[in-house]
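Take these sequences, add in the hints, and give me the full structure.
Protein chains: 2
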Amino acid sequence: MSLLVVGTVAFDAIETPFGKTDKIVGGAASYIALASSYFTKNIHLVSVIGDDFPESFLNTLKKEGVNLDGLEIKKGEKSFFWSGKYHNDLNSRDTLITELNVLADFKPIVPPAAKEVEFLMLGNLAPAVQMSVINQMTKRPKLIVLDTMNFWMDIAMDELMKVIAVIDVLTINDAEARQLSGEYSLVKAAQKILKMGPKTLVIKKGEHGALLFHADEVFFAPALPLEEVYDPTGAGDSFAGGFIGYLAKTKDISFENMKNAIIFGSALASFTVEKFGTERLIGLSQKDVEERVQEFVDLVQFDIALY
Amino acid sequence: MSLLVVGTVAFDAIETPFGKTDKIVGGAASYIALASSYFTKNIHLVSVIGDDFPESFLNTLKKEGVNLDGLEIKKGEKSFFWSGKYHNDLNSRDTLITELNVLADFKPIVPPAAKEVEFLMLGNLAPAVQMSVINQMTKRPKLIVLDTMNFWMDIAMDELMKVIAVIDVLTINDAEARQLSGEYSLVKAAQKILKMGPKTLVIKKGEHGALLFHADEVFFAPALPLEEVYDPTGAGDSFAGGFIGYLAKTKDISFENMKNAIIFGSALASFTVEKFGTERLIGLSQKDVEERVQEFVDLVQFDIALY
Chain W
795 MSLLVVGTVA
805 FDAIETPFGK
815 TDKIVGGAAS
825 YIALASSYFT
835 KNIHLVSVIG
845 DDFPESFLNT
855 LKKEGVNLDG
865 LEIKKGEKSF
875 FWSGKYHNDL
885 NSRDTLITEL
895 NVLADFKPIV
905 PPAAKEVEFL
915 MLGNLAPAVQ
925 MSVINQMTKR
935 PKLIVLDTMN
945 FWMDIAMDEL
955 MKVIAVIDVL
965 TINDAEARQL
975 SGEYSLVKAA
985 QKILKMGPKT
995 LVIKKGEHGA
1005 LLFHADEVFF
1015 APALPLEEVY
1025 DPTGAGDSFA
1035 GGFIGYLAKT
1045 KDISFENMKN
1055 AIIFGSALAS
1065 FTVEKFGTER
1075 LIGLSQKDVE
1085 ERVQEFVDLV
1095 QFDIALY
Chain H
795 MSLLVVGTVA
805 FDAIETPFGK
815 TDKIVGGAAS
825 YIALASSYFT
835 KNIHLVSVIG
845 DDFPESFLNT
855 LKKEGVNLDG
865 LEIKKGEKSF
875 FWSGKYHNDL
885 NSRDTLITEL
895 NVLADFKPIV
905 PPAAKEVEFL
915 MLGNLAPAVQ
925 MSVINQMTKR
935 PKLIVLDTMN
945 FWMDIAMDEL
955 MKVIAVIDVL
965 TINDAEARQL
975 SGEYSLVKAA
985 QKILKMGPKT
995 LVIKKGEHGA
1005 LLFHADEVFF
1015 APALPLEEVY
1025 DPTGAGDSFA
1035 GGFIGYLAKT
1045 KDISFENMKN
1055 AIIFGSALAS
1065 FTVEKFGTER
1075 LIGLSQKDVE
1085 ERVQEFVDLV
1095 QFDIALY
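Protein sequences, first through last, are from chains W and H.
Quick note: this note's numbering has the first sequence finishing at residue 1101, numbered continuously throughout.
Quick note: this note's numbering has the second sequence finishing at residue 1101, numbered continuously throughout.
Since the hints were made in silico from the structure, they are not lab data.
Take the hints with a grain of salt, since some may be wrong.
With a Cα cut of at most 27 Å, we get these calculated BS3-like pairs of lysine-lysine [as the list claims (entries may be wrong)]: (1) W:Lys1069 x H:Lys982; (2) H:Lys856 x H:Lys879; (3) W:Lys814 x H:Lys982; (4) W:Lys1053 x H:Lys999; (5) W:Lys982 x H:Lys986; (6) H:Lys1069 x W:Lys999; (7) H:Lys856 x H:Lys868; (8) W:Lys1081 x H:Lys982; (9) H:Lys869 x W:Lys999; (10) W:Lys1069 x W:Lys1045; (11) W:Lys879 x H:Lys901; (12) W:Lys982 x H:Lys814; (13) H:Lys999 x W:Lys982; (14) H:Lys879 x W:Lys999; (15) W:Lys857 x W:Lys1081; (16) W:Lys857 x W:Lys1045; (17) H:Lys999 x W:Lys999; (18) W:Lys982 x H:Lys879; (19) H:Lys1069 x W:Lys982; (20) W:Lys1069 x H:Lys986; (21) W:Lys1069 x H:Lys999.
This is how it looks when you write it as structure tokens:
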């Protein structure tokens, strides 16, 4: 089924305890589109870049089935740039540089062919920008998934609440779930957030896995214990891309199938963190992905005989 | 099968964001013995208390099948007392008071009837004290499980390494696994620790579940997302008690069965944290435990159709 991905396509410069990079390709929509391309080749991308962006990466996206008609390229301007340094535990980071550049006045325009997609993935952006995308759809998508972050809770809570009210699935991390709800218990936080609009909530806990809440049900997907995590950048976006890509492929948005989608999302994220940037997320085989999913099955599968 | 539990039986005074207690019954061996009593009634306890300890709690233990022949009661002396205050996230705490009292010169004496038990659970104590128990066994137990903590890594690493070398299963938390191995990655940490002696390693991650490592295999058990966690005290000990109790009941120490044991241990721990102290761990029905285990099954069960 058709999928529209909206978010940043950008440059990152990343430092982790394992090394540092110069400017490399990043951005939420880059990770989301790559991850979802393992499941569907009917992907539209809406984003904005400057004319400094490498043609090679755009060709990679095209090759993977990503339609770039909605990618605005601003002549004479520079792409969004973020630089950050991760702490030793990789669970926290400091932002060193944020150059909005083309993102400063980004007004996404959804191309006609993408206005009736069945799946819409709104990567982390200003809530008003996310809302403007929803408003351009001529047919309500079957599923709208939205990712956001604490930054927007700090400075644009009213707009965030408005867009959260009209989506289907919200993906945030545990600290953000606590901030949004004012509840420390994630179970209580989820109960409150599900009353704000979304029918389903995904709470991402990084190396501690992810929780999926829907009505009174909850599902937990672990993160794979990895020998090396080089760079967590893009893990959440790869997760979201795998999640919505799997749903778009299987055309089944039931809670039961969302469990599977969470596992596939976690599998894609587990590749992303093994190298810097998008490198590991490009060129995986179907077998690679299936084997990784099997590792998740093995990790949590048990066979209790109740006594 | 027969089980020997060695550890503290003590008083705690606990403050959490949800309230505080006066002196209540605590101690590693109290939680371990209670949790394991849901699986076997052939339990020996070796510990030491003063004459200030409530008879009613000792009667509870007896009623649950715990043989107290190895419980030394020192006349005119006071029981071990610990007081602590948990931070808002419940993941860290400050120790306010530690009064060793009878524990200061604790020399455990294993009663004759307990010297040939098949399962030995060494709760957190000085490594030399744990070793003295192993040395008193006239027959090597089928399984020795040892719990320890960072404190002993700081002040008695040599003795800790000696006792770790002769046990079967080590249970520590994630920070302790990192300290013991010098590796941040838990996978690498486990590889190193498994070379120190134990055939199996359990890494407890509190609200983030537990990892079971054995040879090249790994299993993950989540913690149940709970609406309220009142008091984490004793969760790790309840986990250990459920773990070894289930193994003693089923008489199967294979990796496959240890997965089940981890789930039962997690289930017992999930009860403990719902109230202060040992309160919630007393008087559960078999149905209570089975229903809780079913919640774990529901939490992680998925049925992936590989595409």
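Self-check item: Contradicted hints - numbers only
Solution: Failing hints, ascending: 2, 5, 9, 10, 11.
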